[in-house]
Structures are given as C-alpha cells and as structure tokens.
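Sequences and hints are given; from them, build the entire structure.
Protein chains: 2
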Amino acid sequence: MRILFSGRSMDSEPWVAALREALPDASVEAWSPGAAPADYAVVWMPPQQLFDEQRGLRAIFNAGAGVDALLSLALPEGVPIVRITDAGMAVQMAEFVAQAVIRHYRELDEYGRGISSGAWRTRPPRPRASFPVGIMGLGVLGARVAQTIGGFDFPVLGWSRTPRTVAGVACFSGPDGFHAFLARTRVVVCLLPLTPDTENILNRDTLSRLMPGGYVINVARGAHLVDEDLVALIDNGHLSGATLDVFRTEPLPADHPFWRCPAITITPHVSARTLHAESVAQIAGRILAFHRREPVGGVVDRARRY
Amino acid sequence: MRILFSGRSMDSEPWVAALREALPDASVEAWSPGAAPADYAVVWMPPQQLFDEQRGLRAIFNAGAGVDALLSLALPEGVPIVRITDAGMAVQMAEFVAQAVIRHYRELDEYGRGISSGAWRTRPPRPRASFPVGIMGLGVLGARVAQTIGGFDFPVLGWSRTPRTVAGVACFSGPDGFHAFLARTRVVVCLLPLTPDTENILNRDTLSRLMPGGYVINVARGAHLVDEDLVALIDNGHLSGATLDVFRTEPLPADHPFWRCPAITITPHVSARTLHAESVAQIAGRILAFHRREPVGGVVDRARRY
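Taken in order, these protein sequences are the chains called A and B. In this text, residue positions in the first sequence follow my numbering: the first is 525, and each later residue adds one. In this text, residue positions in the second sequence follow my numbering: the first is 525, and each later residue adds one.
If you're looking for bench data, these hints aren't it; they were derived computationally from the structure. Glycine included, C-beta positions come from ideal geometry on N, C-alpha and C. It is possible that some hints are incorrect.
Some chain A residues well away from chain B (every beta-carbon gap over 10 Å; in silico) [said to hold, decoys possible]:
{"#": "1", "residue": "GLY602"}
{"#": "2", "residue": "ALA694"}
{"#": "3", "residue": "THR719"}
{"#": "4", "residue": "LEU757"}
{"#": "5", "residue": "ASP759"}
{"#": "6", "residue": "ALA805"}
Derived contacts from chain A toward chain B, CB cut-off under 10 Å, selection only [stated by the list, open to error]:
{"#": "7", "residue": "ARG630"}
{"#": "8", "residue": "LEU632"}
{"#": "9", "residue": "PRO648"}
{"#": "10", "residue": "GLY675"}
Beta-carbon label-pair distances, calculated as ranges [unchecked claim]:
{"#": "11", "chain 1": "A", "residue 1": "ASP535", "chain 2": "B", "residue 2": "GLU634", "range": "20 to 26 Å"}
{"#": "12", "chain 1": "A", "residue 1": "ARG579", "chain 2": "B", "residue 2": "GLY642", "range": "43 to 49 Å"}
{"#": "13", "chain 1": "A", "residue 1": "ARG544", "chain 2": "B", "residue 2": "ARG784", "range": "49 to 55 Å"}
{"#": "14", "chain 1": "B", "residue 1": "PRO538", "chain 2": "A", "residue 2": "ALA787", "range": "30 to 36 Å"}
{"#": "15", "chain 1": "A", "residue 1": "ASP633", "chain 2": "B", "residue 2": "ASN760", "range": "50 to 56 Å"}
{"#": "16", "chain 1": "B", "residue 1": "GLY642", "chain 2": "A", "residue 2": "ARG829", "range": "33 to 39 Å"}
{"#": "17", "chain 1": "A", "residue 1": "ALA787", "chain 2": "B", "residue 2": "ASP677", "range": "43 to 49 Å"}
{"#": "18", "chain 1": "A", "residue 1": "THR609", "chain 2": "B", "residue 2": "LEU597", "range": "54 to 60 Å"}
{"#": "19", "chain 1": "B", "residue 1": "ASP677", "chain 2": "A", "residue 2": "GLN572", "range": "36 to 42 Å"}
{"#": "20", "chain 1": "B", "residue 1": "GLU802", "chain 2": "A", "residue 2": "ARG784", "range": "38 to 44 Å"}
{"#": "21", "chain 1": "B", "residue 1": "ASP700", "chain 2": "A", "residue 2": "THR686", "range": "53 to 59 Å"}
{"#": "22", "chain 1": "A", "residue 1": "ASP721", "chain 2": "B", "residue 2": "ALA704", "range": "52 to 58 Å"}
{"#": "23", "chain 1": "B", "residue 1": "GLU634", "chain 2": "A", "residue 2": "THR609", "range": "28 to 34 Å"}
{"#": "24", "chain 1": "B", "residue 1": "GLU802", "chain 2": "A", "residue 2": "ASP633", "range": "21 to 27 Å"}
This is the structure we're talking about:
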C-alpha cells in the first residue's frame, strides 16, 4: 500500500520516518504536487490540491482530533475520514482544564499578584458547591475532563448534541437542554467540535445565561466564541474572566482586545498537543485495520461534521 | 459538659456560636484567663496558660490537622489530643498540589511570561514518564494527593515512616527506603507531619538525590525545608524550582532570599484552609462520641507526634 503525508505546520520528516517504521510493508512519502496515486493520506490542514490530484484515496487520516479545517475543503465523496481520538490528548486536556478551574476557583492569580506586591493576605475560602462546572461536548475529551473535575468534588454538568450518560455528571442535551445547562453552570468549558451548529455558540445571549460570576474556558476552537461579547460581559461584571487557548486568528493579533483584559488568561493553543509517537501508533494501527477491512475507531460522520 | 475555645488567629465568635449550635446540651465559651474548669478544649495555637489553669480537661481537640504547634506546649499528661482529619482539607490539598504539578510540568509560567512579552511560541511536549511525582507522607491528605496525581497518568511514588499500601503508588518507607524514593522522584511533594524526625528533612543531601531538574512542592511546614539548601540547588541548576506555601516565619520576611528567586512560586499558607462548617461538624461529632466513650478518629500518638 502507498501512503502520503501532508502536515502544514508539522515537520514531515519525523512523521514519514515513524510511519515507515510502523508500517514496514507500506510505501510512505511526503506529499508534493504531482505525487503518484496513493491509497491513504495522513494529513493536517492539507492543501486542496492534494485531493484534486489524489482521486484514488481509500481513506483520509486526520492527524488531529478536530476536523473542521479538513472539512472546509472539497473532499472526495464517500471516502472515510478518520480523526485522532485521545492518543494522549485526553489527559492533557484534563490537566489543562483542571489547572484553569483550580486557578480560578482558588484565586491563585489574585494571590500571585498580591504576593508580588508584598501583600500577605488570605481570602475567605469559597464554597465549592457554588462553582458548578459545565462541560460542553462529552466525547472522549469531554468525558475525561468531566471525570477529572468531579474528582475535585465540584458539581459537574455536561451538555452534548445527543443524550449522553457520564457517571457523576448531570447531563443535558440538544437545544432544549442548553438553557437549563447554562443556568446551572458557573464555569463553562468548551470542548465541542466546530460545526455550523456550534460556531458562535458562546455569545452574548448564552454567556448571559451563566450564573453570575461566570467563567469561560475555551479549549476547542476560537470560532465557538464571539470575542466582543465575552469582553462586554466581563466589562459589565456578569462574567469574572476566562482562560482561552484558542482564537479566531492564531497567533492572536497584537491589537486584539483580549490582550488588554487582565481577567483573560491566554495560552498559545497548547492545551492538548498532538503527541507524535502516540498519534503515529494510532494512525498506523488504524490504517492496517482499515486495510484488513476491520472496524476502525474515529470515523467522522460527515453529516454531523465530527 | 463544658467546652472552651481558644484559637489564636481565628475569630472566636463564629466558632463558639457554631459549637453551641452543634452541641445544644453543652456550655461553650471562648477561653479567657481564669475561666471556670471545662471538660474539653477546642484549640488552635492556644496559650500555655490555658493548660496551666485547666487541669481537668478530658480531651483536647486541635482545630487543624498539624499538631506541631500544640505539642510544643506543656500539655497535661494522659489527656487525649484529637486533630482534624480531612474535613474538606484533603480535596483542597489535592487541587493545590495538582495545579502546582501541572503548572510546572506544562511550563505554564513560562508560557505566561512569553505571552506577556508578545511571544507566541510553543514548546515541545515533555514526556510524562520523565516526571515521576513522589509524595512524602501518606496519611489522609497524602493518599488523596497521590491518587489525584495518578489520575493524570504521572508515575507516582510515596514515602512514609511506616509501610503503607496505596493503589497505583510505588510505596517506600522508613530511613532505608528514603534514598531509593528520592532517586526515582523528579517532583517531590512534602505532606509530612512536622516532628523532630522530619524537621529539615529536605536539605542539601536529600534534595541532591532527586532526579536532575527536580522540583519541590512544600505544603506541610516551613521547618521541613532548609531554605538556603533549596536556593543553592536551584542556583547550581540541579533543581528547576519550587512551589512553597509554608515557611519558617510567616509572613515570609521581606528580606528572605526566596523573594529574589523567580523559579520559586510563593503562596501565603493557603493550600488547605480549615473550613469552618466542616471542622465544627467533625469536632462536635467527636466530642459527643468521646463523651459517650465511643471510639474517635484523629487521636494523636504523642510518641510519634502526629
């Protein structure tokens, strides 16, 4: 079998080398225009030209969990798209969200600022029951995050497109359950896939429905959040702040209002990194399974777009 | 029964009121010199005079987990001392330590500094297996911390005076196991009681035995750590930094070298706060149980000093 790799911001060499090692019977090459026809493509934000040329692909493997960028291209119809599921990302997401929740709840930034100005003052402990954490998206990542946050005894809620059951999590679903979920949530964590249904889902209307003092953690995609609505609701005091790891434009432009808002903690899209070894192992295993016509995890439903 | 309360840095009024409410058949008062004889004392860092005067105490209840300050006084012999166990402290300790471990492992302070200077640079993910976390002290708090850290897939080790078994934790014990524990630990978390055996236990010799790049999290007592040895090992590069919540003198004096070390994160003794409602409920329940001659948890072994 013949495999092509194309990874926009990723260094091709180690990916190609690792795929060759994992699939010694396959021919693996970095894609370039005019490449010979291949059976499989392993891609991250590939150029449209790859799909215009490669008309014989049997499956497309996305080297990441989110397929929003890939699905924005014109892809060959009927060809399965397989995305990364977990491969070391769930634990990273759990730890990133946990530290963001703890940092906010325990007022650690306030302590840090106080300490650096010489103040040695303790603040009264805040009741944990007043900080329900609501997770939007209950896939592999969302379920792990929900479980982790529950381990710290916070009330945990979850919201998903279709009904889900996660132990210890008050689950809501669909448009009908969304307002009830928001009204009971103080710290909202966005882990949704980006689809036409979820774009701009965190906006003035929905963020206003969070409990007073609400806090936003976005680790999904920048386009889930209406930037100016977040800033307005922090400015008017309804929201207390946000931890944002993803943005509509990355790097975040120097003149973006987020930079001037001290209640917003910014990280450069690092909440869950694609881990090379784990991802290659998962993709190689799935290519082999697919080739043997065995069932494969992570197949994208093109209609729901994740 | 008659109960006296004395809490140095604590506001007496809410404690007395809450104890009265929880024990309606008891007489509860804030201690003052010359107070009438009482059956029980509920104390936090009380004055020696209380014990010099109150010769008829049947038990002493410490309104905190650590009894090092209480045991430094001349206490009536044979009178049981009961300390707080958990009462909402274990989860706080777990979240404080978790965020300190994550913040260090995920280089979040470095990201924060980079972001604030306009850099949008990602760092290569670091292998989790290279960050074994070693917990010193496997009591109620230590066991919960170990479990929490294990939930983030770090290798977890534990060390305690006497042998312990904690699921998923590589347990070491006693002086014989200490060097082996240190040699396999990169992030060390001190949760020991302060006793003559554990004073200065984190010193140049023991800290040098940690894996290169070692990191110190002290949430127990300042006197566990030899301050100048920590600074020297950070300066010579063997250790990468520390998160310190407790100090030999609190507030930390303005001229202390810790202030000039950017690799040390300082918090003002807030890792696990005594929670008023939970602590009163636990102490009141134990006073009643003790009064009925039922077994009571949290009784201090004066010989081992915790």
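Hint by hint, here is what the structure shows:
no.	hint	verdict
1	GLY602	holds, 35 Å
2	ALA694	holds, 19 Å
3	THR719	holds, 26 Å
4	LEU757	holds, 22 Å
5	ASP759	holds, 21 Å
6	ALA805	holds, 14 Å
7	ARG630	holds, 7 Å
8	LEU632	holds, 7 Å
9	PRO648	holds, 8 Å
10	GLY675	holds, 6 Å
11	ASP535(A) <-> GLU634(B): 20 to 26 Å	holds, 22 Å
12	ARG579(A) <-> GLY642(B): 43 to 49 Å	holds, 45 Å
13	ARG544(A) <-> ARG784(B): 49 to 55 Å	holds, 51 Å
14	PRO538(B) <-> ALA787(A): 30 to 36 Å	holds, 31 Å
15	ASP633(A) <-> ASN760(B): 50 to 56 Å	violated, 31 Å
16	GLY642(B) <-> ARG829(A): 33 to 39 Å	holds, 35 Å
17	ALA787(A) <-> ASP677(B): 43 to 49 Å	violated, 31 Å
18	THR609(A) <-> LEU597(B): 54 to 60 Å	holds, 59 Å
19	ASP677(B) <-> GLN572(A): 36 to 42 Å	holds, 38 Å
20	GLU802(B) <-> ARG784(A): 38 to 44 Å	holds, 40 Å
21	ASP700(B) <-> THR686(A): 53 to 59 Å	holds, 56 Å
22	ASP721(A) <-> ALA704(B): 52 to 58 Å	holds, 55 Å
23	GLU634(B) <-> THR609(A): 28 to 34 Å	holds, 29 Å
24	GLU802(B) <-> ASP633(A): 21 to 27 Å	holds, 26 Å
When the structure is compared with the earlier hints, violations turn up for hints 15 and 17 and for no others.
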